[in-house]
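J.: In case you want the letters, here they are:
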Amino acid sequence: MKEWYQKIQSAGCMQELEELRIAILGKKGVLAEQFAKMKDIENKQKAEFAKRLNIAKSEFNKLFNEQKTILQARELESLLKSQQIDVSLYSATSNSGALHPVMQTMEKIVEYFTSMNFSIEMGSMIEDDFHNFEALNLPKYHPARDMQDTFYFKDEMLLRTHTSPVQVRTMLHAKPPIRMISPGAVFRRDYDITHTPMFHQVEGLLVDKEGTVSFANLKFILEDFLKYMFGEVDVRFRPSFFPFTEPSTEVDISCVFCKGEGCRVCSHTGWLEVLGCGIVDENVFKAVGYKDVSGYAFGLGVERFAMLIHHIGDLRSLFEGDIRLLGQFV
Amino acid sequence: MIITRSWLSEYINLDDISNEQLCETLNSIGLEVGRVVRYDIPEDIVFGYVKECKKHPNADKLNICQVDVADEVLQIVCGASNVRKGLHVAVALEGAVMPGGMRISAVKLRGVESHGMICSASELSLVNINDGIIEFDQSIGNIVLGTRLRDNHYLQDTLIEIELTANRGDCLSIYGVARDLCVAFDRSIKSKSNKNTDETSIGIGKVLQLKHPASVDANLKFKVLDIKNISLAFLISLRLAQIEYKSLNTADAFTAYTTHECGVILRLYDYEYFKAQGQNDKAIVSLESDTNGFLCVQGKGRASIVGVMQEKDSLFNKNEGLAIAEASYVAPGLISDQMSKSKIERSSSFYLSSRGSNPDLKMGLKLLFLLLQSYGDIDIFGGTAEVLNHKEEKVVVLKLHEIYDIIGAKIDKKKIVNILQKLDFNLEKSQGDTFIAAVPKFRHDISNKQDIVEEILRFTGIDNIEPKPYLLKEANRLSEGYFRFKKLKHYRHKAAYNGFFETIHFIFAHKQELVKYNFDTVQNKLDIVNPIVTTMDTLRTTLMLGLLNFAGQNKKVGNQNMGLFEIGSVFTDKREEVVKAAFLYTGSFEQEGIINSATSTIMDFGHFVQLISNIIGEVTLSKATCKHSLGHPYQCADILQDNRVIGSAFRLHPTVQDNFDLQDTYMCEINFEALSYETVHVKAYSKYQSSFRDLSLLVPKTMEYATIKKIIQQSKPGEIIRFYPVDKYEDKSLKNLSSLTIRFVLQSDEKTLQDEEIVSCMDTITSSLKDKLGLELR
Ligand SMILES: [Zn+2]
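Keeping their order, the protein sequence lines are chains W and Z. Its first residue numbered 1, the first sequence is counted upward by one per residue in the numbering used here. Its first residue numbered 1, the second sequence is counted upward by one per residue in the numbering used here.
Looking at chain Z on its own, in the form it has when it is part of the complex:
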């Protein structure tokens, strides 16, 4: 919503209010100032009058003008195509400094002296109204030659754009904003409607017949006028340019101007459009509902959809003749509802009607006629043709203490009454401390107590409310959500300590990419209807592609070694949300430097798993095949905890690695829900010393450690509390065997183990490995 200071001043006295005060007040009452433009016209730009205008003898496009600026008549050479005798113009005198910094001085143009410049709007940094120089008229007041433009408040004006919230249709007009400001500055609104618009003795009934169904969900008023002459005044062009409205014709400019001023939706129809050929002389205006349920005004064809649009053919498109003026109002809820059901093109009047146009139709018509009379010559036929849909007025009852309770502070009752009355609430029926407030029709947004309290709060000033702590009853609010949050935090912090950077990726994915790497996709029938870009056209089913893309991006800018992780939601093919944790490590895991003599170690499978285990706790790996095609076929494992598969870890397939231009890369994805976040229960531990023994076995190269591990687990005596592989060695002499060293940790709960007891334990292991797998000691 764009307002200007001069326009506002037609309804509220702002003489003692600075622009800063004005903006501050608008903000404080909830009309957020988004943009302020000050039109600052330089000194030495004065009004002039073109007394004579002749073609330049040596230049086709130049004219030699004699311009009266009261003290003298200046000869000015002007290149504008619209310059002509009889114009009131803006003259930059010699010595004037233009907004761009150019200084005006006397010059010779093709041999002719020129003393000054006739200015266009853009040369003065005003909004662009027309091509060429400005043509002033009396719409900006009586023009006194030689006086400065900057002393005219229509020109030296301030434009303010307000970012209105969707509920405040009542402020979508100059009048509406002025009404709010009148409450804030505690002054009365100026009225224009007490001026007279004379009507002729011929009644509207003689020239117009209105046909409509018994009940209509809208209010409409029609008047007929005889337009003798209208022309577009400078002020109307200026202000329509300021509010960025491009009018279709003169009549449209007049209605748009009035609508912006008062918020009533107005139209000017060509009378002829409603005259049936060969019938009597009366125009017939009929109201009918169309198939979408919209109320339409019909003449020869559809003339307009009430509250939505007007057909070009029905526009009054002349400078004289009979016209029908219409003011209309539809309830915003109704019109938005209809619009949401049938998608027809929206227009500027729909923006207004869906947020709540001004229902004071009489005021709208009056202002339109006053404007037409000021800048043209019209006769208005007596009387009005109308349909009115009388809705009961809304009444809200609220008690003084309820206001106090909601705000949390006491506010002077007189002040409350003053605010509500200035906002046009009718409080006549109020009793004692109970307010019975009839809501003005233009306030669609107000229907309950809280709405009224908001009005009071707005104008009391929120800054004046003393903050008060809420008194709470103690309660344990450590909910399930709290523990989920704590668990998330726990693992995120551990991941960061172990060298991984946390990333956040949008939950969207590129379906094509998911398919390319054989990941599940969300079923088509459950997918997004309106993706924002094709690379985010579905929900992600894995975190890994996001990490991989991030790693690739980092490589492009020169970072090739890094750990990345994300803990976040992914979706199954049935679109169920699951939280996963994914990790990626690429390149070397330390910087080259003094400590490693410039040779850093490249990440490998074992170190990667070690890092993951540092974060999520002890894990067991078992050979697996990736369902997706990111994985190296021979370096891929299921990750198990407590004998349950909770995720997988793999080396990135060399082909994919090349696609993303990465070094050796390892990844894993884990079902976050499966990770534990429970209290540790301490187990009893032995007080006696533990010992260890290493066993080196000759193992066929094809035999997996998992097989050996299984046998040991089955046969191991209780004294062996832990065992793990410590070395694997191959050389030519071993042929198709390799040497595997396993370390056994032995400990008893009852005593320190003696050598012979240890030997006996180890013998058990050796013989079962020999019996069951045929393995020999090295």
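One chain only, chain W, in its complex shape:
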């Protein structure tokens, strides 16, 4: 019997094991042969013989099951092994498209102001002189109009040069308090390395009762906003001039490239101009029929923000639909 035990334990595959099972436990197997001998054995020894055979039988069964488990595990392992692949072949690049950095930046900006309880207002790109200029304290002869070369249509309409007409229209239709931003495309007749005839702005406006909105409020929100957009930067306010605000200031951040040390991007000043803002001029309120109010306004160019955030060197590349640029935003 012992040699059978060894044979079972050294069976190399399920088929061999099955053959052994038949050879031992089958109808013509070794055990059947032994049981057949029973009839020739005397009764006295019969019980003893039967007992021994039954023990052997259960021992065989046990060995079979053990070996079966081992063999099954081994076969699964070899099956799995045969399914092995070279995973390093499958390093993948994304097959999806991407959002435009300018629009992504616009979203980021809009998210900040909606979370600060500003409403979003939109308007049309074609405007008239009143809403784009006159209501904003920019009469026809004003020298500041030189700053904004305008596209005109044959019927004296124009392409808005800023999104401020949206603010004028909002004020004409609603009563204060107003707390809004107007994101959108604007147009200036300028086309060179640093100017495109179309770009995007987000402008903001807050109007409330007289004496409630101060320059300090403007400073608070813009400093907070710029830190949200650019991380820990220094913020500097410089007096400037916009016809529709008074006092007016421009806002600089410490250069995000050289951390204020001075580099080519910041013309070695350590500062980057990013925003214009101010206290709304009373003439603007007069033009929309508001009395006894105070307010602030600000405006920024989305392309400039996108370029500074993503280190994009060429403004015009944003309007070329080039996959070499866009593909990096997947």
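No lab work stands behind these hints, which were simulated from the structure alone. Note that the coordinates shown come from a computational prediction; the quantities given were computed from them, not determined experimentally. Some hints could be false.
Pairs of lysine-lysine, DSBU-like flavour, derived with a Cα cap of 35 angstroms [what the hints assert, rightly or not]:
hint : chain 1 : residue 1 : chain 2 : residue 2
1    : Z       : Lys-473   : W       : Lys-175
2    : Z       : Lys-312   : W       : Lys-209
3    : Z       : Lys-394   : W       : Lys-140
4    : Z       : Lys-574   : W       : Lys-140
5    : Z       : Lys-362   : W       : Lys-286
6    : Z       : Lys-468   : W       : Lys-175
7    : Z       : Lys-362   : W       : Lys-140
8    : Z       : Lys-732   : Z       : Lys-687
9    : Z       : Lys-362   : W       : Lys-154
10   : W       : Lys-175   : Z       : Lys-449
11   : Z       : Lys-489   : W       : Lys-259
12   : W       : Lys-140   : Z       : Lys-221
13   : Z       : Lys-429   : W       : Lys-286
14   : Z       : Lys-751   : W       : Lys-108
15   : W       : Lys-227   : Z       : Lys-108
16   : W       : Lys-291   : Z       : Lys-449
17   : W       : Lys-291   : Z       : Lys-343
18   : Z       : Lys-394   : W       : Lys-259
19   : W       : Lys-175   : Z       : Lys-399
Please build the complex by placing chain Z with the ligand on the supplied structure of chain W, with the hints as guidance.
T.: Chain Z with the ligand alone, transformed into the frame defined by chain W:
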């Protein structure tokens, strides 16, 4: 506006102020520094005097000079054409290192020893004043031979260009900038006008008569002077070169210099220009308005337009003789308004007058005469001929708390008073906490409370204002614009996830290209007047040409497979703005690689529509013909949602494809407003199992699926909840028929359908297809 440190120093003491401090302060008070140039003259460049100057025996163009530099007399060979005996010059001594790095050493030039070099302005990196070597004179102070040039502050100077905003005409002069700096540094302005200019006993009335209408919208002062001799001093040439002014003649140089210094518009006329021939000896100056409404000074002809230009013929163009000096002022609003109505040529004095020149005419004339006296010899006739248009002075009343409210911080009242007084506001009538401020005439930009608060803020320093959050009342500000923005974001993100790159194209288009591809164009009478380039001479009426051009550009740089999209405004022929979404896919929609064994699949109509549907939701297509000529005539469809046409999809016409050098390309444009962005309302759905059955039909090749679909829709029992084509097969044995397999999904709300019920449903379909269209099962 260009200023120099030495020029500024004539009005403000800057001895203790570094250049960095100066620039920082200019920026902080709103005079933005755009450019800084430091003139740094090397060591070992000294003043010298040419004692002798002889022609070089062996070279025509060279001179041998004996140059006195105090310690010694140097022999220097000089090639400049203007070198001559008696000049004060800049001498680079042996050992001097020039700005370019060249080292000066003793050399022999054509056999003659030369110990040093006589320098030109450009060799010293100064602004270029003249051809040849510099000719110094006493205008830069007493010249001490042998002393270093770099110790002279007129030469070792700093130039700062300020980018002035349009409202700050008052800072368009050295004096104006100095006045602002005096407030910032809290010091007093130096005055030159207390110096005397003697006048002769002959009154102006004897030599000049001024004729003018009863009221004139300008201020003018005239004086007559007898010029014995004037010449251009080195300092005037130097500074006019620094401010990039090219003078017409000596008199023009003097007036331009003075105008830049004080901001008053000045002119020097030839007296003879105003003398009528054969009449008495008096010059007659008359003021008349021309047809455009501009005020003109008339002599023999027009001498000048006040605030705009001077005729060359009327310029004082000599070094001696009688001249008429004029100082003028016109209100900036008035002059800009006139200019906007009649397009006459602009000039440098218009730039100044339209932004606000200095109305202190007396000061302007005085400074001009002081300058003329310094560098020439003049007699001034007594008295002035003038017209003055007295405007009431502007007065602004504001209370201390209003200042606090606007700024949002408290500022010491004494400080406010000091700032305003230094800026020449008259506060004499103020009472308690109420300021009654008379605005100085030169501040055209100030007319209300906020303007004055800006002045206070400017000099208080914005950095010193503590930021404060605004306290808001809660309000729902989720406006219509918010939802528009959200919807835009929703679809843009879905497009990107589905393999399309977002692009932004200018809203302009090339009219010729729109016409070429049969797109609408904006009506001529509504089109752009002043396009910036011809390729952007109209508004776009489609997004598709932009996408197509982008795809073509990408192909040129080697990218041939891509999806592009844009959601943006286009315009109808009536120029109404509509928002559209356009998509383009060209080439294969996956990269070749391991996963597809190097054979990527080229985009086809079905896959393209599938992608679009992933983005905008379920769509139905129906056969259509493109209005434009971009489309393939047999692969073009209207896109429908809820039975409404919302756009079209097509394969790019092979000819156009070739024009842009593209592979198979599919495009679609959709009316963005028609896309839904609404809350989903869930419909009830069956709890019972659904089953499906496929039906293979023999269909004539010419028959569209749309026809079959219509019949099925009309006759289908309620248990068929969905059906769609799954296979279309053709081979020779089928001849002019094709085999179309349609899958039917069946489900009941009440129970699991039994086989016989399903069969009965399918029988209904089969028989109606047979009855109505004669279709047989395969
Ligand atoms: Zn930098």
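J.: It remains to establish, for every hint, whether it holds in the given structure.
T.: Cross-check of the supplied hints:
no. : hint                     : in the structure
1   : Lys-473/Z with Lys-175/W : 14 angstroms, holds
2   : Lys-312/Z with Lys-209/W : 57 angstroms, violated
3   : Lys-394/Z with Lys-140/W : 23 angstroms, holds
4   : Lys-574/Z with Lys-140/W : 27 angstroms, holds
5   : Lys-362/Z with Lys-286/W : 38 angstroms, violated
6   : Lys-468/Z with Lys-175/W : 24 angstroms, holds
7   : Lys-362/Z with Lys-140/W : 32 angstroms, holds
8   : Lys-732/Z with Lys-687/Z : 45 angstroms, violated
9   : Lys-362/Z with Lys-154/W : 48 angstroms, violated
10  : Lys-175/W with Lys-449/Z : 24 angstroms, holds
11  : Lys-489/Z with Lys-259/W : 33 angstroms, holds
12  : Lys-140/W with Lys-221/Z : 30 angstroms, holds
13  : Lys-429/Z with Lys-286/W : 28 angstroms, holds
14  : Lys-751/Z with Lys-108/W : 52 angstroms, violated
15  : Lys-227/W with Lys-108/Z : 66 angstroms, violated
16  : Lys-291/W with Lys-449/Z : 15 angstroms, holds
17  : Lys-291/W with Lys-343/Z : 38 angstroms, violated
18  : Lys-394/Z with Lys-259/W : 46 angstroms, violated
19  : Lys-175/W with Lys-399/Z : 27 angstroms, holds
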